[in-house]
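Protein sequences appear in the order of chains A and B. Just so it is clear: in the first sequence, position 221 is 221 by UniProt numbering, and no numbers are missing. Just so it is clear: in the second sequence, position 47 is 47 by UniProt numbering, and no numbers are missing.
Worth flagging that the hints you see were computed from the coordinates, not collected in a lab. Fair warning: this is a prediction, and the values are worked out from it, not measured in the lab. Beta carbons: idealized from backbone N, C-alpha and C, even for Gly. Each hint should be verified, as a subset may be incorrect.
[Said to hold, decoys possible] Derived contacts from chain A toward chain B, CB cut-off under 10 Å, selection only:
hint, residue
1, GLN25
2, LEU26
3, ALA27
4, VAL28
5, THR55
6, ARG342
7, VAL345
8, HIS346
9, ALA347
10, GLY351
11, VAL380
12, ARG381
13, ALA387
[Said to hold, decoys possible] To spell it out: a stretch of chain B is covered by chain A in this simulated footprint if at least three of its residues, at any positions, have a beta carbon under 8 Å from a beta carbon of chain A; those stretches are:
hint, region
14, 64-73
15, 79-85
16, 90-102
Residues per chain, in single letters:
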Amino acid sequence: MTTTPAKAETKLPVLVREADRPRSQLAVFGPDKPLRLDSGVALSPFQVAYQTYGTLNPAKSNAVLICHALTGDQHVGNVHPVTGKGGWWDIMVGPGRPIDTNRYFVICSNVVGGCMGTSGPSSTNPATGEPYGLDFPVITIKDMVRAQTMLLDHLGIDTLFAVAGGSMGGMQVIEWCASYPDRVFSALPIATATRHSAQNIAFHEVGRQAVMADPEWKNGRYFVEGTSPRRGLSVARMGAHITYLSDTALHRKFGRRFQDRDNPTFSFDADFEVESYLRHQGSTFVERFDANSYLYLTRAMDYFDLAADHGGVLANAFRGTRTRFCVISFTSDWLFPTSDSRAIVHALNAGGARVSFAEIETDKGHDAFLLDEPELIGIVRGFLDSAGRARGLPT
Amino acid sequence: MMLSRAPRDLTMAETVRGPGGARVDLLMVSEMVEPGSRVLDVGCGDGELLRLLEARGVDGRGIELSREGVNECVAKGLAVVQGDADTDLSAYPDDAFDYVILSQTLQATRRPREVIEHMLRIGRHAIVSFPNFGHWRIRLQLLFYGRMPRTANLPETWYDTPNIHFCTIKDFNDMCALVGARMEKAVALDPWGTALKIDAPWWFWNLFGEQAVFVLSRKPG
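Work the whole structure out from these sequences, hints included.
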């Protein structure tokens with residue numbers, strides 16, 4: 001049996017519509033409020049799609065910003081409008097969960113460059129009336145954070161009680177703390193790094209090349225041409241997905257088992273369960289994610305190097321910070337290994353920051369931050385409870 | 001190297017509890033810290049000392065090697081990082097803390113002298129507590145049985161123990177002189193965690209003190 005990414009074509013108009021008119025709350029910034037990008041471009045008009053949960057208290061001191069990862073979006077705690085699946089961090093965000101929506105006002109916005117309603121390459125370019133495609137400016141992690149500050153200003157929130165996120169979301173958390181330290185009371189950078197490693201850039205480049213090698217990519221103009229680079233994007237996702245797991249986890253989950261058969265077929269069909277699984281991951285991904293967004297967001301991660309922005313000394317990025325930090329890594333995460341988190345901790349210690357750092361033992365790899373890891377849940381809860389007491393939030 | 005206090009068998013002084021159920025040796029250390037100061041507890045175990053210190057209005061941070069200890073501390077809301085006294089103290093800048101505490105951990109470090117030097121660099125004061133290998137019971141065991149001593153406080157066999165650098169009170173004194181530490185205070189405790197007579201001579205402490213607690217600082221200049 002082969003799982004082919006076949007049904008994507010019929011779904012693509014959904015993605016186009018979601019980019020301009022998302023099923024989310026929307027903050028639109030007119031010509032008077034352009035998003036000033038690191039590349040020098042002033043993006044305007046410009047919009048941010050976001051979800052909120054819970055209630056902002058009168059003192060506006062209980063706002064929590066969740067930053068999503070590469071292929072995440074603003075639907076952190078609700079049913080996804082395209083896939084119909086639950087929120088991507090349901091285990092962490094919700095009533096009674098560690099990021100408790102009964103206590104905190106939780107905000108999650110789609111990053112700039114994304115494809116779920118915040119301006120990105122699949123948004124309509126007002127100059128042409130067509131999707132931007134590669135005419136969309138290249139963005140950085142700092143640009144994502146800048147867009148989030150504009151959203152907070154729009155919501156009238158000055159200081160965040162907490163900002164949390166894993167992987168690319170963790171990069172945004174770190175950027176928040178370095179660029180806007182006075183606006184962040186506490187921070188949870190999880191399974192992340194202050195710079196993208198050469199190995200990670202290499203993996204991203206393979207993914208981008210897979211997208212761009214698809215003849216249907218059409219130099220990024222696939223919406224206009226009526227094509228879809230679903231095979232390229234699917235291969236990119238399959239490759240990336242391996243890096244989110246671990247050898248042990250793959251072996252435990254699939255081993256060398258065959259998929260719905262007892263013997264090899266002596267063909268290139270998906271004989272092995274692991275092949276079938278990856279093909280499924282690829283084909284479902286293309287139904288909800290834009291190929292050009294994948295190029296832009298992977299690029300933003302590659303460019304991230306916080307120390308380089310601070311004279312080559314990471315500690316300078318955090319000097320004098322009063323933010324309370326909780327850094328978390330996972331033993332089997334080889335994409336953002338513990339050594340990356342330890343580098344953050346050392347820089348924070350050198351800057352005199354109040355920091356907690358835990359490495360959680362798991363064989364689930366990088367993706368562990370999205371999963372129901374009891375220690376992760378306990379640590380996030382304990383850290384936020386303690387920060388809440390220090391912030392004077394009711395328990 | 002093993003930094004954790006939590007997983008091993010508790011020593012006698014550690015099992016003696018004071019008012020409020022706190023370990024008397026930790027209570028004594030916590031009382032040596034001025035309220036309102038900044039403290040780093042190196043090898044903070046399950047965070048009991050940090051909790052005592054926070055109750056005294058101290059801004060406490062911890063380093064702990066064992067993953068279980070760290071995760072327990074962080075879940076309690078304590079500012080504890082997973083790390084190793086032998087390798088991670090160098091990341092801290094000079095004079096970052098008022099006190100750096102090393103409680104019942106010195107003997108388990110790979111380079112005790114460097115650890116003490118870092119403590120004196122990072123903190124204005126260093127508080128070090130350790131088991132005294134010069135205690136008479138230990139001396140007698142080696143003399144009469146000819147085997148590595150094991151006591152209620154130090155129950156592990158030589159091949160199992162995380163303690164790789166034992167010293168006596170006298171030995172520690174010598175090292176303090178070597179690294180240019182000024183001794184602000186020294187206390188020797190009997191097996192029940194009670195302080196020995198303050199005016200007793202060093203040889204008496206070295207023979208009858210089961211544990212010692214030193215408060216050190218850098219010699220000026």
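Results for each hint:
1. Checking A:GLN25 against chain B: minimum C-beta separation of about 32 Å lies over 10 Å; hint violated.
2. At about 37 Å, the closest approach between the beta carbon of A:LEU26 and any beta carbon in chain B exceeds 10 Å, and the interface hint on this residue is violated.
3. About 34 Å separates the beta-carbon of A:ALA27 from the nearest beta-carbon of chain B, more than 10 Å, and the hint is not met.
4. Proximity of A:VAL28 to chain B is violated relative to the hint, the smallest CB-CB distance being about 40 Å (cut-off 10 Å).
5. Because the beta carbon of A:THR55 sits about 24 Å from the nearest beta carbon in chain B, more than 10 Å, this interface hint is broken.
6. With its C-beta approaching chain B no nearer than about 8 Å, A:ARG342 sits inside the 10 Å limit, and its interface hint holds.
7. Against a cut-off of 10 Å between C-beta atoms, the interface hint on A:VAL345 holds, since the closest Cβ of chain B lies about 5 Å away.
8. Hint status for A:HIS346: holds, given a least beta-carbon distance of 4 Å to chain B, under 10 Å.
9. Taken as an interface hint, A:ALA347 checks out: its beta carbon lies about 8 Å from the nearest beta carbon of chain B, inside 10 Å.
10. Of the supplied interface hints, the one on A:GLY351 holds, with its beta-carbon coming within about 8 Å of a beta-carbon of chain B, less than 10 Å.
11. With 10 Å as the threshold, the beta carbon of A:VAL380 comes within range of chain B, its nearest partner Cβ sitting at about 9 Å, so the hint holds.
12. At its closest, the beta carbon of A:ARG381 sits 7 Å from a beta carbon of chain B; the interface hint therefore holds under the 10 Å criterion.
13. With a least beta-carbon distance of about 8 Å to chain B, the hint placing A:ALA387 at the interface is held under the 10 Å criterion.
14. By the rule of at least three residues with a Cβ nearer than 8 Å to a Cβ of chain A, the coverage given for the region 64-73 of chain B holds, with 4 such residues.
15. By the rule of at least three residues with a Cβ nearer than 8 Å to a Cβ of chain A, the coverage given for the region 79-85 of chain B holds, with 5 such residues.
16. Coverage of a stretch by a chain is defined here by at least three residues with a beta carbon nearer than 8 Å to that chain's beta carbons; for the region 90-102 of chain B and chain A the count is 4, and the condition holds.
Violation of the numbered hints given earlier is confined to hints 1, 2, 3, 4 and 5; the remaining hints are satisfied by the structure.
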